[in-house]
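Protein chains: 2
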Amino acid sequence: MNTKAPAKTVDVVVVGAGLSGLAAARTLQKAGLDVHVIEAADRVGGRVRSANVAGAHLDLGGTFVGPTQDRIIALSEEVGVKRFATYVEGGNLMHWGGTRRSYRGTIPSIGPIALVDAGRIQSALDKLSRSVPPGRPWDAPNAQELDAQSLGSWMRAHRATASTYEIFAIASRATWGCEPDELSLLHALHYIAMAGGLDLLLDTKNGAQEEHFVEGTHEIAARVAAELGEGRVHLSQPALSIDQTGDVALVRTPDLEFLARRVVIAVPVWMRQRIKVTPSLGPDAVALGQRWPGGVLSKAYAVYDRPFWRDFGLSGQAVSDRGPAVITFDASPEDGSVGVLLGFIGGKQARMWDSLPEDERRLRALNGFAELFGEQARHPRGYLDQRWVTEEWVGGGPCAAPAPGHVLPYAKTLIEPQHLIHWAGTETADQWSGFMDGAVRAGERAAAEVIAAVSNASITDKN
Amino acid sequence: MNTKAPAKTVDVVVVGAGLSGLAAARTLQKAGLDVHVIEAADRVGGRVRSANVAGAHLDLGGTFVGPTQDRIIALSEEVGVKRFATYVEGGNLMHWGGTRRSYRGTIPSIGPIALVDAGRIQSALDKLSRSVPPGRPWDAPNAQELDAQSLGSWMRAHRATASTYEIFAIASRATWGCEPDELSLLHALHYIAMAGGLDLLLDTKNGAQEEHFVEGTHEIAARVAAELGEGRVHLSQPALSIDQTGDVALVRTPDLEFLARRVVIAVPVWMRQRIKVTPSLGPDAVALGQRWPGGVLSKAYAVYDRPFWRDFGLSGQAVSDRGPAVITFDASPEDGSVGVLLGFIGGKQARMWDSLPEDERRLRALNGFAELFGEQARHPRGYLDQRWVTEEWVGGGPCAAPAPGHVLPYAKTLIEPQHLIHWAGTETADQWSGFMDGAVRAGERAAAEVIAAVSNASITDKN
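Sequence order for the protein chains is A and B.
Be aware that the first sequence starts at 1, since it is given in the UniProt record's numbering, and climbs by one per residue.
Be aware that the second sequence starts at 1, since it is given in the UniProt record's numbering, and climbs by one per residue.
For the record, the hints were derived by calculation from the structure and aren't laboratory data.
Values in this document were obtained by computation on a predicted structure and should not be read as measured data.
Be aware that one or more of the hints could be misleading.
What the hints assert, rightly or not - Calculated cross-link-like contacts (lysine-lysine; reagent style DSS-like; alpha-carbon spacing at most 30 Å):
| no. | chain 1 | residue 1 | chain 2 | residue 2 |
| --- | --- | --- | --- | --- |
| 1 | B | Lys-276 | A | Lys-8 |
| 2 | B | Lys-8 | A | Lys-348 |
| 3 | B | Lys-8 | B | Lys-276 |
| 4 | B | Lys-127 | A | Lys-276 |
| 5 | A | Lys-127 | A | Lys-412 |
| 6 | B | Lys-30 | A | Lys-276 |
| 7 | B | Lys-8 | A | Lys-8 |
| 8 | A | Lys-276 | A | Lys-127 |
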């Protein structure tokens, strides 16, 4: 281990083999550059990961795709991973104030008056989100005032009813892995704007949950990594340091050293500070690394002999104010050969549930499923959960949840190259940030920056 | 470098040679334990650091002490570092809304009506802070409601005038290195409670700025380190990993390995995640490491032939709504042999100013001093500034500035031992957290935990 090979000279090192880093590497390689990817974990994928349980394929991280998520769709098609529609037939369920009810659509049927109020808040959020230009939150009118508030304080100021507040708290937990009081309103609005509106963000049919992948999302990452070629992706090699001298960066891992013309860092914002960079990052970049924490969002999967809820005319989609899973989906394979329920556990519920031992987590998750779908749900033939906070080289998810006051001063810094370093990762996207689509877009944007910089350098060299 | 000595077996490894780690090590050693301290930087002191410029001693980090800060006072006296009163004779200055005025006391004379409003907000904050038990913010009535708000949103809800808001924004910048909108109200109240009230926190005479140290604060750290003995403090040795197996922790640095019965981690909360720990920290501890960022607070010092402002009946103490320094003090040596002005630059002003090149920072800082104290202030015989965000192994200061929603879920986790690991650092204190006194208290508390744990283990061994 201590006898390293001499440093390898390459065009670009990409740090992080998540979808964003892999998309960057693919784009760079197609442009004719010599690219190597280093990954801290012992697998590729980052925030996409898969497992097989009791005959079912499970997406433990990024799962769904929907309309306008063109880049992840294009990439998946290029590597031949197929999609199918999320099951939406039948009624959705809600468990609310101790009662179970059935409803249709995205917003639960909490009674006509409550529904009007939820609609009012949704319209107001949507309208306000249209004032935030995707990729340029600092250009929003009143950006400072919007960043000074949390999503929660904004809802209180707009006199959301308790039911409305709870509905949007559930959306906040499942979307950002946090409570509304933890999140900058400017970030929430910008995120909605980058998704094209709340309907697109939250809906299943015609929204971000419309389809999932036959072979699973991890297969996209695996195939992109394979296409990069033998010896291009180095696993279990965390970037320890990046030393920039003139126009060369020395990138060190426990076992490898590279001399690169450019570096793309494609790790979650909150993991950036793990890499020692010289000359040191500017003050805003240092402060940013401490200020955009990962959300707290976990997933619980139960696999059954059949999707039994369909027999009762139910879609498998549900909302619960009790949890631990606050939102569920039918994540069965296309042929329905087994039944798969997926529950999202986020924010305060996840903080409680994540710390429990595995059998207790399982008991509580299945208890929540049974409250929604009946006693049968207590007896799956397989169960698996994924707590993203405990995933060593990810440490949270699905995306950053910046607090009030932490967006406006740092949003530009998020994507600003630092000498030879360019930034990828879904947080740096200007469309569908927080999603797999944003990850791919951000990787492709960072690659384009590098290609432009390297071409300019080559032209200068020739003069 | 790659040929390490075999792991050394010790009782305790302390990570971090700031005041907190050193106080812990001193207490442990006095209890008869075999203690080693590893420090990432090439100096001891952490958030206390000193420099000599043009014949003046400058405290670049922690500087002042005041009444009830008994532990730092006791420690400084034990190692023979002396104190003297901060100069407070004459009028204080303010530069407000484009005009310069003189006033007495802590709250600037912004006119009688404005003063009444500022007094009203101060009383309300003080009263509310008394509902938060020091060291147990989770026991405050309405803790969740308090944590859901920012200091800024609370001031707006209480209809603070623009002047009042700005006064407390300046206090926020100088105290926590952040804007009021970034800070959890619960944290602000708890911090005030841990200091014993706003007067104690903000005042010079009879408050936390009452005295400073003749030989400087860094000398306290240096002497404590020296007293630990030859070979006890290992500089330039960042903790890379802590692997806990049974009742032994293996602590690794680039050049050293220790096998310890217990480990005290005495680094800022936001630096905790740089250390790889196995078994991994619990989910809340991981999330906490991403959620308590360091403040952004810098200092600018100008050294003059004499403290010339005293000739005009001025104390050197000032408040400015223009900045970059929002608060200044006379930090001259006791004999007044040279004149030293100290300016605090925090929050939004620091974010702007920290990124400037050194000559521009100097120009702007001196311009601010000149607006307050006249043209003479433009021509010091020496100048030095310290941007704590750029200090590699500190990365911010003076203390953590947790956002809304990030205190209640994580305050217990902050000090909860994780198997063989105990936590020190001023953020973990229950009195004067954020100050040198809190650092010492936290170190002594962590040491007491270790001593108790180790004695229990010894008793168990004998049975």
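Inset, instruction - Take the C-alpha atoms of Lys-30(B) and Lys-276(A), compute the straight-line distance between them, and say whether it is at most 30 Å. - result: 36 Å, violated
Inset, instruction - Decide if the proposed pair is consistent with the structure: Lys-127(A) and Lys-412(A), CA atoms, cutoff 30 Å inclusive. - result: Within the cut-off at roughly 24 Å; holds.
Inset, instruction - Below or equal to 30 Å on CA atoms is what counts here, so check Lys-8(B) against Lys-348(A). - result: 43 Å, violated
Inset, instruction - For the pair we were handed, Lys-8(B) and Lys-276(B), check the Cα-Cα distance against 30 Å. - result: 20 Å, holds
Legend entry - Lys-127(B) paired with Lys-276(A) [C-alpha distance capped at 30 Å]: 44 Å, violated
Inset, instruction - Would you check the hint for Lys-276(B) and Lys-8(A), treating anything up to 30 Å between C-alpha atoms as holding? - result: Between Lys-276(B) and Lys-8(A) the Cα gap is close to 27 Å, so the pair holds against 30 Å.
Inset, instruction - For the pair supplied as a hint, Lys-276(A) and Lys-127(A), confirm whether the alpha-carbon distance does not exceed 30 Å. - result: With a Cα-Cα distance of about 42 Å, the restraint between Lys-276(A) and Lys-127(A) is violated, given a limit of 30 Å.
Inset, instruction - Below or equal to 30 Å on CA atoms is what counts here, so check Lys-8(B) against Lys-8(A). - result: 36 Å, violated
Going down the numbered hints, you'll see the structure goes against 2, 4, 6, 7 and 8, while the others check out.
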